[in-house]
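Line order of the protein sequences matches chains P and Z. Quick note: to get the numbering used here, add 968 to the position in the first sequence (first position is 1). Quick note: to get the numbering used here, add 232 to the position in the second sequence (first position is 1).
Read the hints as simulated data drawn from the structure, not as lab findings. Computed from a predicted model, the values in this text were never measured in an experiment. A hint or two may mislead.
If we take Cβ atoms under 10 Å as the criterion, some of the chain P residues that face chain Z in the derived model are [to be verified]:
| # | residue |
| --- | --- |
| 1 | VAL978 |
| 2 | CYS982 |
| 3 | ALA993 |
| 4 | GLY994 |
| 5 | VAL1004 |
| 6 | ARG1005 |
| 7 | ARG1008 |
| 8 | CYS1011 |
| 9 | GLY1013 |
| 10 | VAL1015 |
| 11 | GLU1017 |
| 12 | GLU1025 |
| 13 | LEU1032 |
We put the CB at the ideal spot given by N, CA and C, even for glycine.
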Amino acid sequence: MSLQREPLIVAFVCNWCAYAGADLAGVSRMQYPPNVRLIRLMCSGRVNEGFILKAFEQGASGVLVSG
Amino acid sequence: MSSHLIGAVTVIGGGISGIQAALDLANSGFKVYLIESDPSVGGVMAKLDKTFPTNDCSSCMMGPKLVELANHPNIEIFAYSELASVSGEPGRFEVTIRKKARYVDEEKCVGCGICATKCPTKVLDEFNFNLRYRKAIYVPFPQAVPLIYTIDQKHCRMFTKGKCGICQKICHKKAIDYDQKDLFVTVPSGAIILAGGYSPFNPRVMEELGYGRWPNVITAIEYERISSAAGPFEGHILRPSDREEPQSIAWIQCVGSRDLMNGVEYCSSVCCMYATKQAMVTKEHDLSVDTTIFYIDMRAHGKGFDAFIDRAKSEYGVRYVRSRVSRIVPDVSGKRLEVTYVTEDQKFVTEPFDMIVLSIGLCPNPTAIDAANILGLSVTPHGFIETDQFHLTRTSRPGVFVCGAIQEPKDIPDSVQQGSSAAEEAMAFLAPARNTMVPVPTQIPERNVLGEEPRIGVFVCHCGINIAGVVDVKAVAEYAATLPNVVYAVNCMFACSSDQQMEIKRVIEEYKLNRLVVASCTPRTHEPLFRNTLKEAGLNPYLFEQANIREHVAWVHQQEPERATQKAKEVVRMSVARARLLEPLYDSSYEVSQRGLVIGGGLAGLTAAQEISRQGFEVILVEKTDSLGGIAKHIYQTESGFPVAQYTQELIQAVESDPRIRIFLNSEVAEIKGACGRFTAIIRTPWGNESAHVGAIIVATGGTEFKPSEYLYGQHDSVVTQLSLEKIINSEPEKIKEAMHLVMIQCVGSREPRRLYCSRICCTMAIKNALRCKEINPSLNITILYRDIRTFGFRERYYREARIKGIRFVRYELGSKPQVVVDSRGTLSVQLRDPITGMLLSLPTDLLVLTAAIRPQEDQKELAERLRLPLDEHGFFLEAHIKLRPLDFTVPGFFICGLAHGPKFSYESVVQAKGAVARAVSILSRKRMFSDAMVTTVDPFLCRGCGECEKACSFGAIKVIDRRTEGKGIRAEVDPALCTGCGACNVACPTGAASLAHFRDKHILAMIESLTGDFEGETRELDIRGLNVTTT
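Could you build all of it, start to finish, from the sequences and the hints given here?
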């Protein structure tokens, strides 16, 4: 495992629901692995294919769009 | 007198109704003092898991309202406080508030919660109904507003044993003060609103149900906490005795409702629906659990409720048993509970269940009654606040108004609209004093940063030990200092404290910063604070970026400090990358047409017009027919005897003679152009089109009584509807005197397939008319054929009175409707099978009264299309949100009230009309409207007018406009007043012309590109479609 690069997950999240959900996970002290990066948008409708491809290009192993 | 009015209102009670009243007042230029006896606001709604009929998460829905409340410059919250005394007179009260000692300095506490983590004393948590523990220093729930800790003096060791002091030692802010005393504060208030809410009925008095004796007999409100993901069992439905998953659950309805034996005559209005919701939520957790609801009448009288019950039965398999449970005892194993009841065919049945939920009723909140006593208000025999017969927000004392469940048991949307309605009454009462007590924002000149190289300051917050306990904040700050364009980086104890704001401003000045990054908590709560600091420092507030290293890092990676620190660095790096590209943005503003438009001249429309005028604004009232008054002219009295028709005539006269109201009869609104605050209405009048500038529009187009097509209606003269009976009672009472038998059939046109909704008022209306007939002719035989009697709330007393007076009630099922037959002599009789005795009944009748459904206006669909407003599946107008925005349309500036929204009582239409006015006045009371700067703009050089954006926009905010006659091209244009900043058009746009400010492609791409590795020296503006690649 140490030789393998840890997968990086990029999440595009809506400010009003998924981002708020991530906040609540924090408030509730739910523990999860640190290899996820959130990008806050005002609506998941803002996400275009280009962002997703760009995230993969930057080395993301998975992309989550949540809203 | 008017010059002495005080432009402030005290709202007592911070539940959803009080919150709505406070927000409406504050948004219309009034100062609000909100008193809440608990340590935080939110009331009962904050404790609920989901809400019917959409099963949305309750606290998630409430969150934005709580945040708005907490940040509102016109609202001062007194939580953990009570009304102490009131003096003065209406318009000029002096309200004294007792702020109970929290033993925590509200000014100093930042809600970090370290005290609670270190506190050694565990206390049963009353917020979770003692199903788990909290500490002796606590906030009731994590999203609490205000987020200030409170010491529970009854349990804290400093108070019980005189030693401990751990929280005082550990608090970095030195906020703990064991010597704090209750504080009395007096505030001036022109009016007072009591929104005291309810308390759940205590079922211990009903010993046969075993609550408090058998641990697996719980109340419905306890069940809300059990099923809540934030509750004691983290959303796993477990029974309290052994923490095992129950396989069968029964709900017992009417515990503490409709039960004179236990002193409660009224129906609590909400229990049938919440029990159904809970059964559905249970099934969503585990479909194999058997759910059974024992009920008397299924009361689903609200919008969408019958369809909800239908779904519970058909899709979820919830079982409904019409029976009153007589006893709950454990079975021989002691593990299960046996429920004894009588079936409809009179058999005694004993059935075991794993868990029993008591659907407890709503009782007046004792704290609210204390306040009512201080205010000197009259209360009803059941302890609710007594109101005017027709104006349900007016109490016995002028200048004091009431809303929510303390007036009558009611659900969330009814509480919200009554909150708006009470706010409207207070506003109208104090209209001359508007804007006299609210702070005027000071303008600080803004420094122009355009053309400057980004100079970024980064502040990394410890949040006490909340962040610093896991993340090496100093290392994060040191790392931030190495990032491009960062000229200053530091770690600090509390980035949000007021002294730190001074420090941030000093640093901005000293280092000539033009961008700010704060790595701390969530921007959802703290972004407004830091943006304000930027404003005060003379920078555009949009030059700010917040990195969330608390909720998204420290709190969720507590066991991995090194990786958490690494993640925090990367999150800060992404924020810095984005901050470099931020641009100053400006809210656009425009002048408001401070005039209202009311469409529809019935009771709701007349009330709305009169109230807008009382608020001091002009009104245009458009009525389709040649006279005002609508259907209310045909309602002679309410069930309590209020003369509606007479009142409506007086209201018409008042409206007609009001110089601020302009009435258009025989007219229709042909078209509405423009946006919220600056609409242009085209009114089609008999003499041609007129146009008017208005700021807000209230739709009050009413409804009609359904004309039945069954039971020989229209074929036999003695078959009439309730409205016709009402007329007979009042103008031809001899017809009633002469009659011997009268039969009424309920639900004619309601609660049928394709019309699966309840018309809400029919049961009460039928009983009201039956009682009136009995008054006229006591020997008249009256039989009411019904499916469920839905005399919700205090109307239950009329149902009882009807039974006492000998009016017979016979139930029928949808599948076996009564048959109406005429014999050779032309006399009518109704035949049906009595479901209890199984006997075939034949009821002769002199008059057959059909209780016909309420339908939307026939031309409602056409009107909806003209105004581009949404309808629900039954043709009534659809509100923006069924729970929290019952009076708004999704289209800003449009509001709804009365029968056009759905079936309701006349006095409920009045409540709604006033509530809709409160909502409209939040627009009309402003001279200028500001639209958010985070909107899409279109680059005219890139736009080719293809219209993809227009198709993608759900709000009608972006449109392709042909300006070739003006010497321009065909281009998309954005109305910033309508744009919500979602960015869907950006995605649809094939050329990159549509670009959402603050969330442009470059901003998002910068964050993605900085995910891994540094971004030294790059300030690329990369368009992902490869159309406009510029690299500098």
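Hints that the structure is at odds with (numbers, increasing) = Violated hint (a single one): 13; every other hint is consistent with the structure.
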